[in-house]
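Novice: Protein chains in written order, with numbering that gives the first Met the number 0: chain A, 0 to 311; chain B, 0 to 311; chain C, 0 to 311; chain D, 0 to 95; chain E, 0 to 95; chain F, 0 to 95.
Please keep in mind that the hints were generated in silico from the structure rather than gathered at the bench.
Worth double-checking, as some hints may not be accurate.
Unchecked claim - The following label-pair restraints were derived from C-beta to C-beta distances: (1) E:Glu-23 <-> B:Phe-143: 26 to 34 Å; (2) B:Leu-242 <-> C:Val-226: 24 to 32 Å; (3) F:Gln-77 <-> D:Lys-30: 37 to 45 Å; (4) B:Leu-18 <-> C:Pro-299: 52 to 60 Å; (5) B:Ala-49 <-> C:Val-226: 30 to 38 Å; (6) A:His-309 <-> F:Glu-17: 50 to 58 Å.
Even for Gly, the Cβ is constructed at its ideal location relative to N, Cα and C.
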Amino acid sequence: MSIEPVVLFFVLGVAAGLLRSDLKIPGVIYEALSIFILLAIGLKGGVELAKYPLGSLIGQGLIIVAIGALIPLIAFPILRFLGRLSRADSASIAAHYGSVSVVTFSVGITLLGHENLDYEGYLIVFLVLLEMPALVIGVILARFGVGPVRWAKLLHEVFFGKSIYLLVGGLIIGYVAGPEGIRPLDRLFFDLFKGVLAFFLLEMGLVAASRIAALRQYGAFLAGFAVVMPLISATLGTVTGWLLGLSVGGTFLLATLFASASYIAAPAAMRIAVPEANPALSIGASLGMTFPFNIFLGIPIYLWMARTIHGG
Amino acid sequence: MSIEPVVLFFVLGVAAGLLRSDLKIPGVIYEALSIFILLAIGLKGGVELAKYPLGSLIGQGLIIVAIGALIPLIAFPILRFLGRLSRADSASIAAHYGSVSVVTFSVGITLLGHENLDYEGYLIVFLVLLEMPALVIGVILARFGVGPVRWAKLLHEVFFGKSIYLLVGGLIIGYVAGPEGIRPLDRLFFDLFKGVLAFFLLEMGLVAASRIAALRQYGAFLAGFAVVMPLISATLGTVTGWLLGLSVGGTFLLATLFASASYIAAPAAMRIAVPEANPALSIGASLGMTFPFNIFLGIPIYLWMARTIHGG
Amino acid sequence: MSIEPVVLFFVLGVAAGLLRSDLKIPGVIYEALSIFILLAIGLKGGVELAKYPLGSLIGQGLIIVAIGALIPLIAFPILRFLGRLSRADSASIAAHYGSVSVVTFSVGITLLGHENLDYEGYLIVFLVLLEMPALVIGVILARFGVGPVRWAKLLHEVFFGKSIYLLVGGLIIGYVAGPEGIRPLDRLFFDLFKGVLAFFLLEMGLVAASRIAALRQYGAFLAGFAVVMPLISATLGTVTGWLLGLSVGGTFLLATLFASASYIAAPAAMRIAVPEANPALSIGASLGMTFPFNIFLGIPIYLWMARTIHGG
Amino acid sequence: MPVQSMLLLTILTEAVLEDTMIDELMALGAKGYTISEARGSGTHGVRSGKWTVSGNIRIEVVGDAALIGRIVERLQAQYDRDYGLLMFTTQVELQN
Amino acid sequence: MPVQSMLLLTILTEAVLEDTMIDELMALGAKGYTISEARGSGTHGVRSGKWTVSGNIRIEVVGDAALIGRIVERLQAQYDRDYGLLMFTTQVELQN
Amino acid sequence: MPVQSMLLLTILTEAVLEDTMIDELMALGAKGYTISEARGSGTHGVRSGKWTVSGNIRIEVVGDAALIGRIVERLQAQYDRDYGLLMFTTQVELQN
Ligand SMILES: Nc1ncnc2c1ncn2[C@@H]1O[C@H](COP(=O)(O)O)[C@@H](O)[C@H]1O
Ligand SMILES: Nc1ncnc2c1ncn2[C@@H]1O[C@H](COP(=O)(O)O)[C@@H](O)[C@H]1O
Ligand SMILES: Nc1ncnc2c1ncn2[C@@H]1O[C@H](COP(=O)(O)O)[C@@H](O)[C@H]1O
Ligand code: NA
Ligand code: NA
Ligand code: NA
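One chain only, chain A, in its complex shape (with noise of 0.2 Å):
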């Protein structure tokens, strides 16, 4: 299988960044390509959604949904007791694995185009419906017993929290506007997608190399977690969409998205409800380690994984 050549991108920002070149993208230039990055998958989950009927989803949608709160509960007791971390770097670390990147399921999606595969178009709705629900578990382990909860806040910055926020709002967009109402915005948020896409990842690479530092000083342990864990979640993601009767692509982008791990949602919402948890652990881990693992060679395997179920 060629690469891909947006995860060179992704080569280049990690190179930049160890080799102290002065490349930097700016702040303001992030936040306004995950600003496009949302809204485009969130538009064009929409325009599929539309295309089925809403009831026959739900059952599956719980399905998954429920599997999926399964991967921060198995996290979680790996990293407390295997790991002898504290309980509230265990339980925000589980918090992370257990949500999902918008960015490592949009290669997924690059991929599919390259090998030509279909796939369901409304599994970019349980990109929305996974974020949450293993936020609010990590909380839940971090405090079972210890200390109160902010929940207010926190449900607050979970459900209004920009990522989460522009997804639905552009699903409920793409929804209503359908492809024909979407067509003239098609030229911005559907052709320009991958190469925004390319920029982005040279982002974070950037932002990646400067995190590797950080995970190397906590050992081995949370490095090989950062490996296994995601394989652990995408053979989930494999059964249950091989039993769920998705397709091929389906079945392989549900893999993707219960192996990928969060950075952008979920350290937001941790350092808010989850103070005492140290960062570097966690974005070191799913950033520096679990991203570019699953996009070099997790993506590869999912895809065969998924071939495979299928007798492919």
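Using the hints provided, position chains B, C, D, E and F with the ligands relative to the given structure of chain A.
Specialist: For chains B, C, D, E and F with the ligands alone, coordinates are given in the frame of chain A:
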């Protein structure tokens, strides 16, 4: 009539503001987007203008500008005597309503595309011509027999302020280069226009949400004015367009221009020229009330008015 | 020959600066646009490079770089002995004129499109190769027998400074991915290129306007140098291109490269390596004078030179 | 208005706390505040400002000793352990 | 150069006044100034910095008491009533 | 923690020196620093901040008199002649 999807982005922005989402579009992105929109509109206007004999437009232009100058003269006594606002505030608000809004105009053009209606391309020139006189009249109204005016500074602010400057600059470049010369730039300035407009409306929604509170504070009179005044101006525009023999689309656009209220050029100019006026009042009314009124209700009404007067 | 519309944006920017318009393009947008331009040029070069056998280019490359290295050696004595500038200033200015300008080069490529002329795509590689040697020579000229050089810092600044880094990075990605792999990125990087260049020239105009004053202060000698030096370099480039058997378009591009003066990489590198040189002089000359000279007069002249030497 | 001696409290902390901090200041009775973007390094490591989660803000509040004292006490108790936070005061003369 | 005691004047005001303020400072004899972006809140309401018209700037001028006095007097007379404006001075030791 | 009297050193200089300055500060023993963007004007002319090469930064370091003295001495010797540079100190009370 189906809803124009771009205005849904405005709703998304307003909702984000009211729900206290942490979504914010960095100020520099807002500035970059407005430079883009102003240049794109100017270029389009210049290309169109090249299709008409300049001489034949001068008479029409003078009439339209003269009638447009009536708007602040109608608004001022309403605000001063009916609304009992201070002289400075009345004059400043009148200037905002006499001047025009590029984004409202753009939403109007977008609707014409949606409805497959043609319009006289040179009307974009009036976007430029109508922005200025109202600001000058506003200052005269504020200062008449009261105090000195920093005319040099004001006129400089108006003519070399970035909105007029970019519109005129774009017009000239579009005129000189012609459709052939501009073609390589089409991909950026024209194809992406609607998508960028959507982004811009998202931002306007965020800002408008923060203005609504300010408006509420000043009570029912101003809110009523912010709805009735555009209807008066639009009627003036519809009749003028019809008498001048414009097409249905052209008549509608002129009505929309007259009805729109400025919230970019006017606030900056009035802050310098009439500093004792309270900007919360004028921006609250024009951006918090008239702008959403225009894009949701006004524009469909003005189209209906244009069709009706043309006997359609 | 008709005028290239993109250069009109430069005029618009200069006029805005001289007329003290409040137009300004936020610094971060400028940075984002330069990242875009550098990456796009690099990608284009890499895709082109893949079409040629690498080995056959090495000989040509060495010759072109060796001749390019003559430029600062010609400029230095002129500045030092004719212009009576200090050793540091002479060396710094010589380095600026020996190095190259990506934007001038882009305007050259744009003109070739306009004129339907082909060129050897691999010439983009020389944009990278020609940027560095002049900077090193400039430092040697400044320090020869005078003081210590922070070579490590300087070489790092040059090789990992963002312009070379992004050009080389883009080249490698373009080379590895090939035309097929890059295609999904075309919509962003190639289709929008000219529009972004227009934006960039607007910004360059604003900056150049603020440099013209600085230049005036240093009198006629530097202004004359800023016009004569590119003509000398272009002649060198034209003859070299012709002797190497390049096409008309290729000969023209090489002349343009030699004639262009750096104002991004060189100022940053010289500020670190030769801090006692006055940056107002070198940036004033290269950006305030040579850049506009090149895009308005130089480029048409160099095209005429290339055609003439090829007997056209 | 005669010149008035006041304290200027400068707070350097994480950008993610902006809204929370404004709520705290207002609740404690501040009449105003000024915020600007910053980046830096301290006991909590380098905060490069390269993306939101790693940006700092500088919050400045001018007020009398009592107000500033209340703010310092509250922020120290609430945020000092878990977040990057540096607070210092300067004597300033209010001019208008 | 021996260390010199000077005043640092900090001016917090509306971004729209930037050019005007620079002209004033230069006319009054300032040798230099430093400007940075800010946002905030005061008696003129919240200035969120979300768009240009609602942004603040911080202007800093280092100078002797006479210069700073002239600047304060002029700005207070000219802008205090109509614009968001806060000015305060600090004693600083110039180091170079 | 009792309130502690310290010096705040403010350095206004060219943005191109950011990395170099951080290295110097750390080598001289600073425990932290804060950087923000600025633009301005001084003896080296207007620095408009319109593009990177013409931007300024404000670097702030809190420390004891010995540290601040070392920094001032070093920066003055190394950069004052060739670069835009202004340094001043203020007395501050550390609050946490
Ligand atoms: N000594 C210092 N001088 C200036 N700024 C500092 C210093 N120490 C910390 N800071 C700033 O305060 C923030 C939080 O500090 P800390 O809690 O020590 O990580 C840092 O990111 C810096 O921006
Ligand atoms: N007490 C305060 N502390 C810090 N900054 C303030 C304070 N009061 C006002 N400001 C700043 O000064 C600007 C103008 O103040 P005002 O004229 O009171 O609206 C505000 O937008 C704030 O940025
Ligand atoms: N009197 C002053 N007040 C405030 N800032 C100043 C002053 N003089 C210089 N600066 C700042 O320090 C930078 C470098 O100063 P200089 O070395 O004098 O060019 C300038 O660009 C300004 O940002
Ligand atoms: Na996950
Ligand atoms: Na109007
Ligand atoms: Na050159």
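Novice: Next step is simple, just say for each hint if it's right about the structure.
Specialist: To see whether the hints hold, each was checked on the structure:
1. With their beta carbons about 27 Å apart, E:Glu-23 and B:Phe-143 fall inside the hinted range of 26 to 34 Å.
2. One distance hint, 24 to 32 Å for the beta-carbon pair B:Leu-242 and C:Val-226, is violated here, with the actual separation near 56 Å.
3. The hinted range of 37 to 45 Å is satisfied by F:Gln-77 and D:Lys-30, whose Cβ atoms lie roughly 43 Å apart.
4. Take B:Leu-18 and C:Pro-299: their Cβ atoms lie about 57 Å apart, and the range 52 to 60 Å holds.
5. At roughly 34 Å, the beta carbons of B:Ala-49 and C:Val-226 sit within the given window of 30 to 38 Å.
6. A hinted range of 50 to 58 Å holds for the C-beta pair A:His-309 and F:Glu-17, which are about 53 Å apart.
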